[in-house]
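K.L.:
Here the protein sequences come in this chain order: A and B. All the letters of the first sequence, read from the start, carry residue numbers 1 to 319 under this note's numbering. All the letters of the second sequence, read from the start, carry residue numbers 1001 to 1493 under this note's numbering.
Everything labelled a hint here was simulated from the structure, so no lab data went into it. Positions of the beta carbon are idealized from the N, C-alpha and C atoms, including for glycine. Take the hints with a grain of salt, since some may be wrong.
[Claimed, not checked] Incomplete in silico selection of chain A near chain B, CB under 7 Å:
| # | residue |
| --- | --- |
| 1 | VAL39 |
| 2 | ALA158 |
| 3 | VAL159 |
| 4 | SER221 |
| 5 | THR224 |
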Amino acid sequence: MVVLRAAARRLAVFLGTVLVASLVIFLMMQALPGDVAQVALGMGASPEKVEELRQTWGLNRPLAVRYFEWLGGMLHFDFGSSLVKGQPVVDQIRPRLGVTAWLVGLSIPLSLLVAIPMGLTSAMLRRRASGALINALSHVGLALPVFFLGAVASMVFAVKLQWLPANGYRSFAQSPGEWALRMILPVGTLVIVQSCFLARYVRTGFIDVLSEDYYRTARASGWTKWRGLIRHGMRNMATSLVTVVGLQVSSLLVGAVLIEQVFVLPGLGSLLVQSVGSRDLMVVQAVVMLLVFAVLAINFLVDLLYLWIDPRLRRGKTA
Amino acid sequence: MSVRSGVILGLVLGLSGIFSACVPSPDSVRELSIGITVEPTTLDLTTDSAAAIPQMLLYNVYETLVKLDSQGAIHPLLASRYEVSADSLTYSFSLDHKAKFASGTPVDADCVVASIDRIRQSPNKTLQSQMAVIESVEAPSADLVVVTLKEPSNFWLYSMTGVAGIVFDPASDDLAMKPQGSGPYQFDSWTSGDRLTLAKNESYWGTPGRFENVVFRFIPDPNAMVAAMLSGDLDIAGEMTSPDSLSLFSDESKFTVIEGTTNGEVVLGFNHSRENMKNLAVRQAICHGIDRAALVNTVWGGKGELIGTMTVPTDPYYEDLSDTYSFDPEKAKQLLAEAGVSDLSLSLRIPTLPYGPKAATFIASQLGDIGITVTVEELDFPRWLEEVYRDGNYDMTIVAHVEARDIVNFANREYYWKYDNPEFQAQIALADRSTPQDFVPQMQIAARMLADDAAANWLFVFPNLIVAREGITGIGHNMTTLSFDVTTISSKD
Chain A
1 MVVLRAAARR
11 LAVFLGTVLV
21 ASLVIFLMMQ
31 ALPGDVAQVA
41 LGMGASPEKV
51 EELRQTWGLN
61 RPLAVRYFEW
71 LGGMLHFDFG
81 SSLVKGQPVV
91 DQIRPRLGVT
101 AWLVGLSIPL
111 SLLVAIPMGL
121 TSAMLRRRAS
131 GALINALSHV
141 GLALPVFFLG
151 AVASMVFAVK
161 LQWLPANGYR
171 SFAQSPGEWA
181 LRMILPVGTL
191 VIVQSCFLAR
201 YVRTGFIDVL
211 SEDYYRTARA
221 SGWTKWRGLI
231 RHGMRNMATS
241 LVTVVGLQVS
251 SLLVGAVLIE
261 QVFVLPGLGS
271 LLVQSVGSRD
281 LMVVQAVVML
291 LVFAVLAINF
301 LVDLLYLWID
311 PRLRRGKTA
Chain B
1001 MSVRSGVILG
1011 LVLGLSGIFS
1021 ACVPSPDSVR
1031 ELSIGITVEP
1041 TTLDLTTDSA
1051 AAIPQMLLYN
1061 VYETLVKLDS
1071 QGAIHPLLAS
1081 RYEVSADSLT
1091 YSFSLDHKAK
1101 FASGTPVDAD
1111 CVVASIDRIR
1121 QSPNKTLQSQ
1131 MAVIESVEAP
1141 SADLVVVTLK
1151 EPSNFWLYSM
1161 TGVAGIVFDP
1171 ASDDLAMKPQ
1181 GSGPYQFDSW
1191 TSGDRLTLAK
1201 NESYWGTPGR
1211 FENVVFRFIP
1221 DPNAMVAAML
1231 SGDLDIAGEM
1241 TSPDSLSLFS
1251 DESKFTVIEG
1261 TTNGEVVLGF
1271 NHSRENMKNL
1281 AVRQAICHGI
1291 DRAALVNTVW
1301 GGKGELIGTM
1311 TVPTDPYYED
1321 LSDTYSFDPE
1331 KAKQLLAEAG
1341 VSDLSLSLRI
1351 PTLPYGPKAA
1361 TFIASQLGDI
1371 GITVTVEELD
1381 FPRWLEEVYR
1391 DGNYDMTIVA
1401 HVEARDIVNF
1411 ANREYYWKYD
1421 NPEFQAQIAL
1431 ADRSTPQDFV
1441 PQMQIAARML
1451 ADDAAANWLF
1461 VFPNLIVARE
1471 GITGIGHNMT
1481 TLSFDVTTIS
1491 SKD
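Only chain B is shown next, with the shape it has when bound in the complex (with noise of 0.2 Å):
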């Protein structure tokens, strides 16, 4: 042993032994501790789209009318109950009277106007699509807000379970920074680069919050993630973006493993307003030239199932469609020759987040195979923002995209990949509007379109990884909202 490794270890040990007294072990404190792996830069949810934000923030801190559980069905929240008019035009909603925000003050009507004009009002498209369907928003009674759309529309209910729905306490100020709402737990304190904390709401109108303090902390890299999970000093690793290493934590009298499915498809994007890519036959023969099995296996340890369209499993119209095109070289071949297209040569244009890269190269490779030479180029996420997704920039792209219901997308030929199918549009715009009843299979009918038309190339749905320490319960198996949702999960100690 040298001078130096003796006196580091003798270091260690020295310090190791006078502090360990101090270290407070997770069942001694009321404190439940969520490893995640991003940041968001602000908490302002209606400026940003981070999805970071609702992830802590949403069913957590805010509330909103009607909520959607882990197995995709709407229950009631701030609103015990809510009544459709049977011209599925005009929505009741009758608050709890019981509600109240964190603050004292009760969520009454008005402050439900308030918050859905808010959203209305936001910078973010998406929230603001999702809001146009409404026609005005009225107060009648304390505890009464009725909504009026311009037409029926199934999508819209749907919206108000995520951040379009959350009830804002008209008291916050700064949103950024100090976010209000009515939920269990209240907004604690933001550590930049390290953990934001959320405390129990001793006041809360509902079931308590099971613990005093949800701490999430903010943890990019994989393996730091797994060190932490695998020492004790996490109670749930929220998300697993290593698959390959879930295999340590085997140990079932130590630890749970959750494996189920989020909302987030991961999408190789087409550009249809490149000629290349508006060719039918050229994009059938990419489906069929990529082995997706094989794809999932290399780059997310074989975790996440394959699809076959814009959907995913815990969808209510999910239908598997993995089969559409299935993995055949040849015939990928043959439908390039038959089109009279040779020398076809294809940029790949990805934002390096954790699969993108592994899954250009396996997309690069395979296409090679069949004869179509792709050129990838990675580009940090600010860049593909700007020049893939604003400017449209690019043949191919690898992107997740982990909104829910996010197939209407594919309507809006503004978006970036500039998908024009006006028989689509037309079919989602009679989704939306038909009875609950005919809902799903009219949504059925739109997927199966763009599965048959190789809108785009689904690769896999994200799938929900978990790790959380023995004793931990309720965490939701499948991810249907943005939310990392702390209301259901309680400990045994």
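Pulled out of the complex, with its shape left as it was, chain A reads as follows (with noise of 0.2 Å):
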């Protein structure tokens, strides 16, 4: 029952949130600078004409009239159309966000499958020359820019190897091969990033457990200080890893435009770049919100984790 209530509260503040922040959003485009019709006709551009195609888009409707028709239209997937391309943004969206999908849904758990052992060997080995040098190379991978990491990527293994293809994106309907070998560079530029970044925060949270009392008794019991770490060790290390791991799946799928732009790959963060530039607000909005909305089901998610992961949370008070 707690944990019902407790779970029922956070949808309600997730729902809040989505509210304000489709509000936020709407107001925050109107604010720009720059005309979509006027960016549309360019530089021979009379002012009547760009009055008129503001008239047919539709863009001089009180402010009030738009927001509602815009947050009515997205409770049933419905985003309106694209100024630019009369397209329903929605189709526009949808092969945008496979991309940043795959790059996300493929990085974050590879990164996972490194960052674990390596923080786990380095918590280990802390106090021998190989963990420290663990500990220092996750320093410098942490230091390097991701879109430095793969400029240099592609400049190894596309241009002087020859191995792979230096950038562009082929679907895996089109063509799996095609596929798999564009996304290894950009995947495997995520994953060198993001698990130096996990790696330090699995080897803190490792370092903790060894101190604590349970672990004391574990081992004092017989236990190997291996079998102590993972048994013991995991569960409560697991708890800060999934707060830092939410964090990470947000950071990815906003900041994968740097990763996008490298790797020419035509992800959400790309498509967002390029509707600013063309002031399409419809599209922008859609595109903001929906990562606004990922970003807030991902906090969810993670509240509901923590409640699964902590048995203590779900009895009694809840944090």
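Take each chain as given, in its own frame, and dock them per the hints.
P.N.:
Here's what the structure looks like:
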């Protein structure tokens, strides 16, 4: 019962935040200098034609009307139509979302696969040279900007060795082989940076466990170091790791634009940049809304995961 | 080696082994892939003025009655020949009777009339004004189009080689997403953010296209363009916006580097409605105060010719006037002193395009040396269009004007420079009306007027920088139109 009530309260906060976010996003779009009709007509535009186009696109109607129209549409997944292309926004977002989802969906699990053993080893061997080396390397990886690492990777593996294509994208449906080839470098780059970042948290988490009473007790009862850590340490460390991974998924979704730029991938980030450039506000606000929704949804999920991981939260007081 | 990099390397090695069999080598498929920097937001070139649309579609998908070659000469295309009446008012175009659209519909006089009408009604003011001189368009027979002008115009036929002259398939109902024309290639697909693919028009009425597919890939990042070209992923890097990296392509057994010219004048524009900028001495001082040769070195790797007025080397009336105001800071200071101008402070509001910010910093520093305080402000392009272009809220700005023969913009006092010189306006009108023989000398007078009046400071001509892999031939040296014309390109393989 407590669990359900806690979950319900979190859901309410989640939905409320989404609503507030939608209003903020909508108003921000209106405040943006630059006009979609002006950009479309460009340097050959006459003021009358710009006005005419604004009229056609319904940009001169009252703010409130446009906001509620947009909000109402979103309830049944209708984000309106792109002003410039006249195409439903959903049709523009769908293929882009696929690319970004692949990037995030592949790089986060792979990063965890690398980061957990890496952090664990580095925690256990922290007083030895090899542990220090792993730790130092993760610092280096953390310091490398993702666009720099990406550019270097493409120079080495595409230009010098010619093993992989330098950039570009093909969808999985069109050609699975090509798709895989073109995903290796961007995903690899993300995995390096992400795993270095996550490994730091894993390491700290395990080091904390090492000084806990329950761990000492486990050791005293004859368990080996590793068994103690994996049986008792994992779950304790998981709470903080889940928080960080949640934050990382959010920042990857939003920050994928950098990696998309370097590897010329048609993801959400590049759609956002492009639409801001043409002031196609319907697309911009839909993408931003989607990202905000995703970030909030991830936080919500993380909250629920806490309840699942930590039995203490399920009884009595919730965090 | 750390555990991490070992894992990654292993992964990369393993996967590349598995998939290397799938990499299509560029030689085995009859596909031409071209990297370009800007993706348009729509393909409708009658409403949207983005140069990227005609870059991909003009001459490749869409054809015009007459066409301009890379040397600037006019050739017949859909019209097998044309005749001009003695009073230069009537143009009779005889259509090539073989000509048909990719859909199979023949190109007849009615389609041409409908297309010209479509352009005349375009919301694009540039297109409108190019066609404003037309009195009437008629189709006396199925293969004859007669255009009557209100007054003789040398510019008009020239405009007809560009977007204004496109003949649209009457069946086209969606210019924005599905362009249909009569060219050797037809529109196949457009993956937003990635590529636009053209497929060979199997029933083309003229010399057929040489490739099964032509792919334009959108690569905005200059480093990504270089990497894609070096790794063999592209056949042609169609626009090199990082001139410094051209040295990476010096291996002639692998690459051909083309350095030609374009129609793009990079203009330091003055707002003539501002008191300070109305002063000729101030404008002259600014021109004398900027070392343009050094600027080109700093901003564009030394590629790009110097000019002194709104003309480019491929214009028939081009003259080298780049020495009109040579770099002379002392003279600049003297001009300002004589005019009694001191403590001059000007805004330089520029769009954040590849050349803008660097050029602006350079100019601000050099004008600082002659005692002019320049405040640089960067605006993203939509904001620039609104505040600078539409509202005229600026003293100076920098933009490349890529359209052909855009010197006429200086005759439009409403244009964002607000340059109002009745003498120049009369001269342009005179040149336009004059006989074809007189056109060139009359235009030269006009061009010199602009130069002497320091109506702007013309920084340099945007170079046409292209890299092609070995075996690709036929790429136009100079970009005389907005089209990236693939109809002349072939591959040895």
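K.L.:
Does each hint fit the structure? Answer for all of them.
P.N.:
Quick rundown of the hints versus the structure:
1. Because the closest C-beta pair between VAL39/A and chain B is about 5 Å apart, less than 7 Å, the hint holds.
2. Taking 7 Å as the C-beta contact cut-off toward chain B, the hint placing ALA158/A at the interface holds, the least distance being around 4 Å.
3. Interface hint status for VAL159/A: upheld, as the beta-carbon distance to the closest one in chain B is roughly 4 Å, under 7 Å.
4. Violation of the interface hint for SER221/A is found here, the shortest Cβ-Cβ separation to chain B being roughly 30 Å, above the 7 Å cut-off.
5. With 7 Å as the threshold, the beta carbon of THR224/A stays out of range of chain B, its nearest partner Cβ sitting at about 21 Å, so the hint is violated.
Violated hints, listed in ascending order, are 4 and 5; each of the other numbered hints is respected by the structure.
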